[in-house]
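Residue numbers (our numbering), protein chains in the order written: chain A, 1 to 369; chain B, 1 to 369.
Note that these hints are calculated values from the structure, not bench results.
Mixed in with the good hints there might be a few duds.
Result set (DSS-like, lysine-lysine): computed pairs, CA atoms no more than 30 Å apart in a straight line [what the hints assert, rightly or not]: (1) B/Lys155 x A/Lys223; (2) A/Lys345 x A/Lys236; (3) B/Lys223 x A/Lys155; (4) B/Lys26 x A/Lys304; (5) A/Lys223 x B/Lys223.
Below, a sample of chain A positions facing chain B; criterion: calculated Cβ distance under 7 Å [unchecked claim]: (6) Val131; (7) Thr135; (8) Thr273; (9) Met277; (10) Gly281.
Ranges of calculated distance between the beta carbons of each label pair, as one might list FRET restraints [as the list claims (entries may be wrong)]: (11) A/Lys164 x B/Asp24: 55 to 63 Å; (12) A/Pro100 x B/Pro312: 28 to 36 Å; (13) B/Arg130 x A/Ala346: 30 to 38 Å; (14) B/Leu38 x A/Pro100: 42 to 50 Å; (15) B/Pro312 x A/Ala224: 55 to 63 Å; (16) B/Arg130 x A/Glu320: 33 to 41 Å; (17) A/Ala346 x B/Thr301: 43 to 51 Å; (18) B/Ala174 x A/Glu23: 51 to 59 Å; (19) B/Ala174 x A/Ala224: 55 to 63 Å; (20) A/Glu23 x B/Arg74: 35 to 43 Å; (21) A/Ser329 x B/Gly340: 33 to 41 Å; (22) A/Glu302 x B/Glu78: 24 to 32 Å.
Yeah, the Cβ is synthetic: ideal placement off N, Cα and C, and Gly gets one too.
Protein chains: 2
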Amino acid sequence: MRIGLLGFGVVGRGVYDILASREDMKIVKVCCLEDVTLPDAEVTKDFQRILQDDTIDTVIEAMGGLHPAYEFVRACMEAGKNIVTSNKALVASYYDELLPLAAEKGLSFRCTAAVGGGIGWLSEVERSRRVQTITQVGGIMNGTCNYILDNMTRKGLDYNVVLKEAQALGYAEANPSTDVDGIDTWHKVILSSNIAFGVSLNRDQVPVAGISKIAASDVENFKAHGLVCKLISTGKCENGKYSVYVQPTLVKADTLEANVPMNYNLITLYGETSGRMSFYGQGAGRYPTAYNVVQDLVDLTEGKGFYSVYGPAVDVDNSEELTWYVRGSWQGDVAENWGGAVVTKAVSVSEMHAWIKQNPDAFVAAIRA
Amino acid sequence: MRIGLLGFGVVGRGVYDILASREDMKIVKVCCLEDVTLPDAEVTKDFQRILQDDTIDTVIEAMGGLHPAYEFVRACMEAGKNIVTSNKALVASYYDELLPLAAEKGLSFRCTAAVGGGIGWLSEVERSRRVQTITQVGGIMNGTCNYILDNMTRKGLDYNVVLKEAQALGYAEANPSTDVDGIDTWHKVILSSNIAFGVSLNRDQVPVAGISKIAASDVENFKAHGLVCKLISTGKCENGKYSVYVQPTLVKADTLEANVPMNYNLITLYGETSGRMSFYGQGAGRYPTAYNVVQDLVDLTEGKGFYSVYGPAVDVDNSEELTWYVRGSWQGDVAENWGGAVVTKAVSVSEMHAWIKQNPDAFVAAIRA
Chain A
1 MRIGLLGFGV VGRGVYDILA SREDMKIVKV CCLEDVTLPD AEVTKDFQRI LQDDTIDTVI
61 EAMGGLHPAY EFVRACMEAG KNIVTSNKAL VASYYDELLP LAAEKGLSFR CTAAVGGGIG
121 WLSEVERSRR VQTITQVGGI MNGTCNYILD NMTRKGLDYN VVLKEAQALG YAEANPSTDV
181 DGIDTWHKVI LSSNIAFGVS LNRDQVPVAG ISKIAASDVE NFKAHGLVCK LISTGKCENG
241 KYSVYVQPTL VKADTLEANV PMNYNLITLY GETSGRMSFY GQGAGRYPTA YNVVQDLVDL
301 TEGKGFYSVY GPAVDVDNSE ELTWYVRGSW QGDVAENWGG AVVTKAVSVS EMHAWIKQNP
361 DAFVAAIRA
Chain B
1 MRIGLLGFGV VGRGVYDILA SREDMKIVKV CCLEDVTLPD AEVTKDFQRI LQDDTIDTVI
61 EAMGGLHPAY EFVRACMEAG KNIVTSNKAL VASYYDELLP LAAEKGLSFR CTAAVGGGIG
121 WLSEVERSRR VQTITQVGGI MNGTCNYILD NMTRKGLDYN VVLKEAQALG YAEANPSTDV
181 DGIDTWHKVI LSSNIAFGVS LNRDQVPVAG ISKIAASDVE NFKAHGLVCK LISTGKCENG
241 KYSVYVQPTL VKADTLEANV PMNYNLITLY GETSGRMSFY GQGAGRYPTA YNVVQDLVDL
301 TEGKGFYSVY GPAVDVDNSE ELTWYVRGSW QGDVAENWGG AVVTKAVSVS EMHAWIKQNP
361 DAFVAAIRA
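Build the full structure now, drawing on both the sequences and the hints.
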């Protein structure tokens, strides 16, 4: 396998390091903006050097972002090169363009590191589908949010204090919006659901609420009721109905989810014969992420394509009713008052997310029974 | 694939049910002691009917126990049939006979359901080894022990009360020794270590301590110190030294391990690039176990053999020093007194297990820092 690597940041460098000890796959060219010199690979700023090299059969996209990652990946696929990427935004956003193209061209397209970083999550979803129907996926898919919520819970500190600490330690970006507003998790649950259920979800119908409005007083409220707040994604397929959403969620203090520390992830699937299975590990970081990129390369050598057949477009139906913790000007039915906030009676997911859009300063969390 | 099934109990029946909906693999003969009639398979009490059927390429062993499971499996292998089994005692005990034979005959031999039931644990160890060195395996591998310890912790009940309840509910056998004395976990960690490290451990050097001496007063002691007791297996490979043991272990109440409920399992590996990864699911039960038996059959169709190369015989070195909770006539150095029991100063694993053998009525648990 002769590889072109796009991007030489955290993940790209990690992949290069791991591949240094392998004989069966070799990075021959690296396209990146940095000025680096490598003993055994050409480094170039000119993407055409990789695109037009017919000896390169596989391209690893480790640039991140949508553009020019999408244009580069698409051009490589048109030129007949297999793709491995860790870019969840790219795959979730261009699912309907990239997956049919991979099938048409007979190419491999793998993105295991895009969800769960070092966890073999998408590969296990693929394995699971060989034998059973998956009915639900989701969980804690963003290490930044988990780091912030975990520290707020353990230390009783306020959101902004913990966010600053997370930024100083490298657990959060200078502009943390993609993580704390749930966009990263949103991409990951859409991608996971598409693969697990063999469909292409209408992304515009998948609502997301983030954690940036949570306050120390909320966490105190949760503690008093034996609950812990986590940002949890859900993708369900029941009787042909797809229910998919991302929201802060209150779980009991003695559950696995409540005890996921630091920046770790915990992702779960429910299958018709296996029952519940959960997967825990580093959701990001140089070597865990690079580990799954290299796993994808090995899968390529074994002839694996994508994880599931590219499936039909489907609508999302979030009529499922839950009870909610709301701190804000909630006018609907109230079941309980919790120090300055309320617990609602049953309200559907779609209805509550519509309310959150109208009340952007409120903090809302679903309560998991 | 034409399959002969040995045993039609919990697991065998589950495999039959799952395969009913598949076209690519068919159970043609079942050898069992029960009087059953199947619409699409011959049922026989005569093992020779399967052994001598040259159209059967694959045999599933779902009988359990060592004899005649070993003799039947060996005979099938000599006759050139691939093997799938969920029998951890069989594979761990006859590792040095069965694995070289599989290699010599060019047969597939899979046993994913033998460790972790429905969890894709051994298959993930196999996947992990493609890319990295595994340095540690282990965890909560026995649902019966976890059920008992979890209920003692949640309800404050004594061991015998919870054991009786577990027996009534089918979570423990009438003779629970294999589970509560740690033998089942011992088989599983030996098998996991052999595969993860590519070796054949000297089994006689792997010590095991079980949970049958734990009392409600011990659990109270643990709670007072923010600890929870679980039966945990450990297999480490560090600088060519193999440290492998099974023992009750005290973990902090806010860890994943402490929050594994009911009869669930949580199994962990540490890899040089992935870091820690943990896998949670149903460690037993008809359909979870049958699920992984069928996964093994699919792996067979993809040409997979065993999980790792059959490796060299190695000795175990349990000189690792830990601190311990001991309720019994401990004469060694004491660091703390905990209501009728003591916490020792550092004592090696091998030394403590030798002491436990001399003091079979004591209850001992390692303390995980």
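Hints versus structure:
1. B/Lys155 x A/Lys223: holds, 21 Å
2. A/Lys345 x A/Lys236: Distance of about 22 Å is within 30 Å: holds.
3. B/Lys223 x A/Lys155: holds, 21 Å
4. B/Lys26 x A/Lys304: holds, 25 Å
5. A/Lys223 x B/Lys223: Holds, at about 19 Å.
6. Val131: holds, 5 Å
7. Thr135: Since chain B brings no Cβ nearer than about 13 Å to A/Thr135, farther than 7 Å, the hint is violated.
8. Thr273: This interface hint holds because 4 Å falls under the 7 Å limit.
9. Met277: holds, 4 Å
10. Gly281: holds, 4 Å
11. A/Lys164 x B/Asp24: 55 to 63 Å: Check passed, 56 Å falls within 55 to 63 Å.
12. A/Pro100 x B/Pro312: 28 to 36 Å: Between A/Pro100 and B/Pro312, where Cβ atoms are some 49 Å apart, the hint is violated.
13. B/Arg130 x A/Ala346: 30 to 38 Å: Violated, since B/Arg130 and A/Ala346 (Cβ atoms, about 48 Å apart) do not stay within the stated range.
14. B/Leu38 x A/Pro100: 42 to 50 Å: Check passed, 43 Å falls within 42 to 50 Å.
15. B/Pro312 x A/Ala224: 55 to 63 Å: holds, 57 Å
16. B/Arg130 x A/Glu320: 33 to 41 Å: This hint holds: roughly 40 Å between Cβ atoms.
17. A/Ala346 x B/Thr301: 43 to 51 Å: holds, 47 Å
18. B/Ala174 x A/Glu23: 51 to 59 Å: For B/Ala174 and A/Glu23 the Cβ distance comes to about 55 Å; the hint holds.
19. B/Ala174 x A/Ala224: 55 to 63 Å: Between B/Ala174 and A/Ala224, where Cβ atoms are some 45 Å apart, the hint is violated.
20. A/Glu23 x B/Arg74: 35 to 43 Å: With a Cβ separation near 37 Å, A/Glu23 and B/Arg74 satisfy 35 to 43 Å, so the hint holds.
21. A/Ser329 x B/Gly340: 33 to 41 Å: For A/Ser329 and B/Gly340 the Cβ distance comes to about 56 Å; the hint is violated.
22. A/Glu302 x B/Glu78: 24 to 32 Å: At 30 Å between Cβs, range holds.
Violated hints, listed in ascending order, are 7, 12, 13, 19 and 21; each of the other numbered hints is respected by the structure.
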